[in-house]
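K.L.:
One line per chain: the protein sequences are A and B, in this order.
All residue numbers for the first sequence refer to the working numbering, where the first residue is 1 and numbers rise by one.
All residue numbers for the second sequence refer to the working numbering, where the first residue is 1 and numbers rise by one.
Simulated from the structure, these hints should not be mistaken for laboratory data.
Since we're looking at a predicted model, the values are computed, not measured.
Where a beta carbon is used, it is the ideal one built from N, C-alpha and C, also for glycine.
Treat the hints with caution; some may be incorrect.
Said to hold, decoys possible - Here are the simulated EDC-like cross-link-like pairs (lysine to aspartate or glutamate), alpha carbons at most 20 Å apart as the crow flies:
| # | chain 1 | residue 1 | chain 2 | residue 2 |
| --- | --- | --- | --- | --- |
| 1 | A | K6 | B | E15 |
| 2 | B | K94 | A | E297 |
| 3 | A | K94 | A | E411 |
| 4 | B | K18 | B | E75 |
| 5 | A | K384 | B | D159 |
| 6 | B | K229 | B | E95 |
| 7 | B | K384 | B | E368 |
| 8 | A | K415 | A | E297 |
| 9 | B | K94 | A | E75 |
| 10 | A | K384 | B | E95 |
| 11 | A | K131 | A | D159 |
| 12 | A | K258 | B | E75 |
| 13 | B | K384 | A | E136 |
| 14 | A | K433 | B | E187 |
| 15 | A | K6 | B | E75 |
| 16 | A | K6 | B | E12 |
| 17 | A | K72 | B | E95 |
| 18 | A | K384 | B | E313 |
| 19 | B | K94 | A | D159 |
| 20 | A | K384 | B | E136 |
| 21 | B | K72 | A | E95 |
| 22 | B | K54 | B | D102 |
| 23 | B | K384 | A | D26 |
| 24 | A | K414 | A | E297 |
| 25 | B | K384 | A | E95 |
| 26 | A | K54 | A | D185 |
| 27 | B | K72 | B | E15 |
Claimed, not checked - One side only, chain B facing chain A, incomplete, derived with CB under 8 Å:
| # | residue |
| --- | --- |
| 28 | R8 |
| 29 | L11 |
| 30 | P13 |
| 31 | F49 |
| 32 | K161 |
| 33 | G176 |
| 34 | S183 |
| 35 | D185 |
| 36 | A383 |
| 37 | F426 |
| 38 | F427 |
| 39 | L429 |
| 40 | K433 |
There are 2 protein chains.
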Amino acid sequence: MVDYFKARIFLEPNEVPKEWVNIVPDLPTPMTPLVNPMDGKPAPPEMAFAIFPKECVLQEVSQEETIPIPNKVREILVSTYRPTPLHRALGLEKELGIEGDDIKIFYKNESVSPTGSHKPNTAIAQAYYAKKDGLEELVTETGAGQWGSGLAYGCNLFDIKCTVYMVRASFIQKPGRKILMRSYDAEVHASPSNLTESGKAFIAKDPDHPGSLGIAISEALEHSLRSDKIRYSLGSVVNFVLLHQTIIGQEAKLQLEKVGIKNPDVVIGCMGGGSNFAGLMIPFAKDKLNGINSEVEIIGVEPRACPSVCKGEYRWDFGDTSMKGPIVKMHTLGHTFIPSPIHAGGLRYHGIAPIVSILYNNKVISAEMHHQNEAIGAGLQFAKAEGILPAPETTHAIKEAIDQALKAKEEKEKKVILFNFSGHGFFDLLAYKNYMTGDLENYELPTEEIQRALASEEMPKIDESQF
Amino acid sequence: MVDYFKARIFLEPNEVPKEWVNIVPDLPTPMTPLVNPMDGKPAPPEMAFAIFPKECVLQEVSQEETIPIPNKVREILVSTYRPTPLHRALGLEKELGIEGDDIKIFYKNESVSPTGSHKPNTAIAQAYYAKKDGLEELVTETGAGQWGSGLAYGCNLFDIKCTVYMVRASFIQKPGRKILMRSYDAEVHASPSNLTESGKAFIAKDPDHPGSLGIAISEALEHSLRSDKIRYSLGSVVNFVLLHQTIIGQEAKLQLEKVGIKNPDVVIGCMGGGSNFAGLMIPFAKDKLNGINSEVEIIGVEPRACPSVCKGEYRWDFGDTSMKGPIVKMHTLGHTFIPSPIHAGGLRYHGIAPIVSILYNNKVISAEMHHQNEAIGAGLQFAKAEGILPAPETTHAIKEAIDQALKAKEEKEKKVILFNFSGHGFFDLLAYKNYMTGDLENYELPTEEIQRALASEEMPKIDESQF
Chain A
1 MVDYFKARIF LEPNEVPKEW VNIVPDLPTP MTPLVNPMDG KPAPPEMAFA IFPKECVLQE
61 VSQEETIPIP NKVREILVST YRPTPLHRAL GLEKELGIEG DDIKIFYKNE SVSPTGSHKP
121 NTAIAQAYYA KKDGLEELVT ETGAGQWGSG LAYGCNLFDI KCTVYMVRAS FIQKPGRKIL
181 MRSYDAEVHA SPSNLTESGK AFIAKDPDHP GSLGIAISEA LEHSLRSDKI RYSLGSVVNF
241 VLLHQTIIGQ EAKLQLEKVG IKNPDVVIGC MGGGSNFAGL MIPFAKDKLN GINSEVEIIG
301 VEPRACPSVC KGEYRWDFGD TSMKGPIVKM HTLGHTFIPS PIHAGGLRYH GIAPIVSILY
361 NNKVISAEMH HQNEAIGAGL QFAKAEGILP APETTHAIKE AIDQALKAKE EKEKKVILFN
421 FSGHGFFDLL AYKNYMTGDL ENYELPTEEI QRALASEEMP KIDESQF
Chain B
1 MVDYFKARIF LEPNEVPKEW VNIVPDLPTP MTPLVNPMDG KPAPPEMAFA IFPKECVLQE
61 VSQEETIPIP NKVREILVST YRPTPLHRAL GLEKELGIEG DDIKIFYKNE SVSPTGSHKP
121 NTAIAQAYYA KKDGLEELVT ETGAGQWGSG LAYGCNLFDI KCTVYMVRAS FIQKPGRKIL
181 MRSYDAEVHA SPSNLTESGK AFIAKDPDHP GSLGIAISEA LEHSLRSDKI RYSLGSVVNF
241 VLLHQTIIGQ EAKLQLEKVG IKNPDVVIGC MGGGSNFAGL MIPFAKDKLN GINSEVEIIG
301 VEPRACPSVC KGEYRWDFGD TSMKGPIVKM HTLGHTFIPS PIHAGGLRYH GIAPIVSILY
361 NNKVISAEMH HQNEAIGAGL QFAKAEGILP APETTHAIKE AIDQALKAKE EKEKKVILFN
421 FSGHGFFDLL AYKNYMTGDL ENYELPTEEI QRALASEEMP KIDESQF
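Can you build the whole structure from these sequences, using the hints too?
P.N.:
Structure (structure tokens):
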């Protein structure tokens with residue numbers, strides 16, 4: 001038996017951070033702007049104000065080191081689920097044959113939020129700012145539904161209408177999340193839908209189109225332009241969302257200090273748009289850029305079916321499939337690329353956060369890929385050893401943490417490994433069922449498919465010398 | 001907006017209780033024994049030892065005021081999910097038009113356990129005792145699956161095999177819980193099954209028999225007799241299970257004291273077998289029996305489709321449908337009664353804990369009934385106001401808490417209301433979907449049906465004068 005008393009590290013409610021940590025001023029190469037698709041030039045603030053709540057736009061371009069968390073937002077976080085626990089994975093260590101304290105695995109448990117993932121950390125903030133702006137509705141896209149249910153929860157707190165375009169494949173496969181969103185009074189549509197021009201174009205090609213995050217973003221963006229009382233809300237990729245998630249890494253640092261650990265050796269998170277990974281690692285990456293614990297390895301983990309960073313190209317691309325929104329510079333598989341239907345719906349995005357791209361280009365962080373069978377297998381191993389069933393997205397981080405621990409064991413190294421347990425898998429049980437019955441497919445993305453998507457005529461040509 | 005900082009009351013890890021609270025020595029009329037169906041006399045200890053782990057049998061008949069929680073059990077509780085939060089339902093109060101501090105609604109949130117309900121509180125203890133006895137397997141029944149997944153989790157912690165007979169209707173309707181149990185390596189069978197004589201008899205009558213908790217108990221009991229390394233495990237009804245749950249009420253008392261509340265006015269829980277209700281209320285009922293806060297109202301809530309206490313008879317009856325187990329004295333609808341298929345599967349039990357029966361007979365507690373539409377409607381109102389989606393079982397307690405609060409508001413009374421939030425509804429979303437689409441049926445149990453079940457020839461005749 002393991003010593004369970006060492007296994008959960010608590011914080012006091014008043015230790016929940018009072019500010020978000022901004023990494024933009026520390027980036028080794030300058031932050032790239034959002035670009036207006038009309039003229040290929042940096043989007044003027046008016047354009048961004050027409051899409052997002054005002055305060056979010058200001059945070060997007062802020063050069064401040066930290067940004068205060070509004071009292072009301074912090075109050076809600078503290079009264080509902082923060083601070084979240086940091087667990088020492090003693091059960092998993094035992095399962096891996098790791099004894100003693102040379103190798104320690106920790107995970108930050110974001111699954112304890114009301115909707116079961118890290119997403120409310122930014123949803124609550126965005127809904128708060130929307131209310132402040134006098135808005136009446138936020139509209140968004142969702143894949144597996146973690147973000148959609150997070151935003152539905154946030155909007156409901158502030159009596160704002162929430163509309164969600166949900167990727168059709170998930171809409172059908174994961175009815176639970178849809179019902180959860182509706183229980184918070186959100187309006188949920190399968191995407192592509194007949195409610196937008198973008199959606200209609202895809203339905204015309206294929207009435208049963210499975211959809212993608214890129215298409216759903218196009219529909220949500222189009223919907224947001226219906227009225228001046230509606231804005232678009234994004235659950236990842238952009239700077240201000242990553243900023244709101246830094247509460248995760250700040251708490252984790254404090255919790256590690258409480259058990260005498262000044263710095264972890266490895267920090268791991270799964271990457272879709274990049275927000276849960278960034279939320280955990282930004283405080284550590286900021287330290288690293290400032291010469292503190294510069295040895296820390298920071299690893300983002302992608303599915304082999306959609307490896308935007310590991311196999312994509314760093315270039316200008318649309319964030320959405322129908323080219324409705326701004327152009328961003330990021331690692332991308334091309335906005336026309338439709339990923340295979342892996343269960344980790346939140347990782348099925350063709351691009352990645354620009355901040356994550358810049359950190360990767362400058363070797364501040366690295367990236368790994370795993371197949372969904374290996375990931376879900378690691379998730380099941382984790383569930384048996386630690387008791388909590390992870391979301392398919394999260395299993396990718398777990399697989400990497402296990403690999404890192406086993407490598408350290410073989411090489412007889414001392415190592416502190418920290419990963420983000422971004423969400424539970426209670427709405428994704430089909431993935432586990434299929435794994436257990438041997439019916440889970442692995443998808444390896446062929447290089448030709450990436451080349452084809454990147455060579456599409458629709459890929460934007462941006463002349464940076466014009467900025 | 002409400003003041004969210006008042007809304008969650010924390011405890012320190014070292015404030016998790018070190019002992020369980022036993023109400024048996026305080027009961028106003030003596031505890032009734034388990035009776036041997038063979039001779040109609042109190043079951044000898046050997047009989048109980050053949051069914052349950054040894055320490056559990058000793059706890060079942062203990063007259064001690066308190067019983068120490070084994071260190072290992074407490075360590076696991078503290079390292080995984082305890083103390084659980086106590087929430088002030090400020091969102092719900094606002095929704096009900098309650099202002100100020102005259103009426104306060106609190107709920108104890110047991111949904112934060114790894115399997116999402118209060119069940120691990122006893123599952124961990126039972127698995128620990130089973131391991132201590134050198135057992136290799138625990139076998140049990142489950143309805144909606146809260147208990148089955150709780151025990152699967154507990155057994156997995158101690159490397160004991162877990163076998164679960166799951167009521168067939170739920171096995172089909174709630175595939176999620178089945179996959180969760182299997183992810184902890186449990187073996188799960190639809191009940192009635194072809195694996196036991198009891199099961200075969202029901203399948204012979206109807207190959208698609210929907211099953212019931214009473215039938216599943218019979219199968220599990222029969223299975224437990226296969227080997228001396230197997231014992232039966234029960235998730236409610238008997239004294240030692242209620243004892244293990246008293247950790248809930250003890251924590252809640254301490255948490256209320258932290259916000260200056262010495263005693264609540266109303267304590268509420270939903271009742272199936274009675275364990276979550278008893279776990280919350282026993283510390284308060286024990287006080288009441290000892291002249292402390294004797295005004296407290298303690299209310300157990302049943303579904304109208306299965307009102308064992310409100311409409312059943314207090315008499316000797318079998319705990320299981322096939323008359324394999326001991327006979328107990330309790331409020332019962334008759335062991336042959338098959339309840340309507342309400343979504344609150346955990347409340348579909350023909351009887352109730354003997355301790356709860358005795359407290360009810362002596363007017364220490366009272367009971368109420370609600371229809372499932374009203375309950376699920378209250379659950380949805382709660383989800384919107386508080387953010388957490390309740391299990392269908394839990395919604396019955398919520399409905400009663402809302403009614404009590406509205407009554408106090410109308411009568412301009414001061415009132416502190418406390419209820420047990422026994423579990424979340426992430427595995428029970430169909431109930432909410434059907435409610436929202438108007439497809440949820442109400443079932444009122446006809447008196448003739450109860451009379452028929454209670455008049456069955458199979459009802460045991462016990463002569464207490466022979467004891």
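K.L.:
Hint by hint, say whether it matches the structure.
P.N.:
Hint check results:
Restraint check for K6 (chain A) and E15 (chain B): the C-alpha separation of about 16 Å stays at or below 20 Å, so the hint holds. A C-alpha spacing of about 48 Å is found between K94 (chain B) and E297 (chain A), which places the hinted pair above 20 Å, so the restraint is violated. Distance restraint check for K94 (chain A) and E411 (chain A): the Cα-Cα separation of roughly 18 Å lies within the 20 Å cut-off, and the hinted pair is therefore satisfied. For the hint linking K18 (chain B) to E75 (chain B), the alpha-carbon distance of about 10 Å falls within 20 Å, and the restraint holds.
A threshold of 20 Å between alpha carbons decides the hint, and for K384 (chain A) with D159 (chain B) the separation of about 10 Å falls inside it, so the pair holds. Between the alpha carbons of K229 (chain B) and E95 (chain B) the distance comes to roughly 53 Å, so the proposed pair goes past 20 Å and is violated. Of the supplied pair hints, the one linking K384 (chain B) and E368 (chain B) is violated, its CA atoms being roughly 25 Å apart against a limit of 20 Å. As the CA atoms of K415 (chain A) and E297 (chain A) are separated by approximately 11 Å, the hinted pair is consistent with the 20 Å bound.
Distance check on the hinted pair: K94 (chain B) and E75 (chain A) sit about 17 Å apart at the alpha-carbon level, within 20 Å; holds. As the CA atoms of K384 (chain A) and E95 (chain B) are separated by approximately 40 Å, the hinted pair breaks the 20 Å bound. A distance of roughly 8 Å separates the Cα atoms of K131 (chain A) and D159 (chain A); the hinted pair therefore holds under the 20 Å criterion. Between the alpha carbons of K258 (chain A) and E75 (chain B) the distance comes to roughly 19 Å, so the proposed pair stays at or under 20 Å and holds.
At most 20 Å may separate the alpha-carbon atoms for a hinted pair to count; K384 (chain B) and E136 (chain A) meet this at roughly 17 Å. Simply put, K433 (chain A) and E187 (chain B) have alpha-carbon atoms about 14 Å apart, close enough for the 20 Å limit, and the pair holds. For the hint pairing K6 (chain A) with E75 (chain B), the CA-to-CA distance comes to about 9 Å; that is within 20 Å, so the pair holds. This hinted pair checks out: K6 (chain A) and E12 (chain B) have alpha carbons roughly 14 Å apart, not beyond 20 Å.
Of the pairs offered as hints, the one joining K72 (chain A) and E95 (chain B) holds, with about 19 Å between alpha carbons and a cut-off of 20 Å not exceeded. This hinted pair does not check out: K384 (chain A) and E313 (chain B) have alpha carbons roughly 43 Å apart, beyond 20 Å. Taking the CA atoms of K94 (chain B) and D159 (chain A), the gap is about 13 Å. The hint holds against a cut of 20 Å. Between the alpha carbons of K384 (chain A) and E136 (chain B) the distance comes to roughly 17 Å, so the proposed pair stays at or under 20 Å and holds.
Among the hinted pairs, K72 (chain B) with E95 (chain A) is consistent with the structure: their alpha-carbon atoms are about 19 Å apart, no more than 20 Å. Simply put, K54 (chain B) and D102 (chain B) have alpha-carbon atoms about 48 Å apart, too far for the 20 Å limit, and the pair is violated. Taken as a hint, the K384 (chain B) and D26 (chain A) pair is broken in the structure, with Cα atoms around 40 Å apart against an allowance of 20 Å. Between K414 (chain A) and E297 (chain A) the CA atoms are separated by roughly 14 Å; this keeps the pair inside 20 Å, and the hint holds.
Between K384 (chain B) and E95 (chain A) the CA atoms are separated by roughly 40 Å; this puts the pair beyond 20 Å, and the hint is violated. Simply put, K54 (chain A) and D185 (chain A) have alpha-carbon atoms about 25 Å apart, too far for the 20 Å limit, and the pair is violated. This hinted pair checks out: K72 (chain B) and E15 (chain B) have alpha carbons roughly 16 Å apart, not beyond 20 Å. Satisfaction of the interface hint for R8 (chain B) is found here, the shortest Cβ-Cβ separation to chain A being roughly 5 Å, below the 8 Å cut-off.
Below 8 Å, beta-carbon pairs count as interface contacts, and L11 (chain B) has none with chain A, the closest being about 10 Å; its hint is therefore violated. Here the hint on P13 (chain B) is kept, as its CB sits about 6 Å from the closest CB of chain A, short of 8 Å. For F49 (chain B), the interface hint is violated, since its Cβ never comes within 8 Å of a Cβ in chain A; the closest pair sits about 25 Å apart. Look at K161 (chain B): its Cβ only gets to about 13 Å from chain A, farther than 8 Å, so that hint breaks.
Because the smallest distance between the Cβ of G176 (chain B) and any Cβ of chain A comes to about 5 Å, under 8 Å, the interface hint for this residue holds. At a threshold of 8 Å, the smallest CB-CB gap from S183 (chain B) to chain A is about 5 Å, leaving the interface hint in force. Because the closest C-beta pair between D185 (chain B) and chain A is about 6 Å apart, less than 8 Å, the hint holds. A distance limit of 8 Å between C-beta atoms decides the matter here; for A383 (chain B) the minimum to chain A is near 5 Å, and the interface restraint holds.
Checking F426 (chain B) against chain A: minimum C-beta separation of about 4 Å stays under 8 Å; hint holds. Among the interface hints, the one on F427 (chain B) holds; its C-beta lies about 7 Å from the nearest C-beta in chain A, closer than the 8 Å criterion. A least Cβ separation of about 4 Å between L429 (chain B) and chain A falls short of the 8 Å threshold, and the interface hint therefore holds. A hinted interface residue such as K433 (chain B) counts as satisfied when its beta carbon comes closer than 8 Å to some beta carbon of chain A; here the least separation is about 5 Å, so the hint holds.
In this structure, the hints that do not hold are numbers 2, 6, 7, 10, 18, 22, 23, 25, 26, 29, 31 and 32, in rising order.
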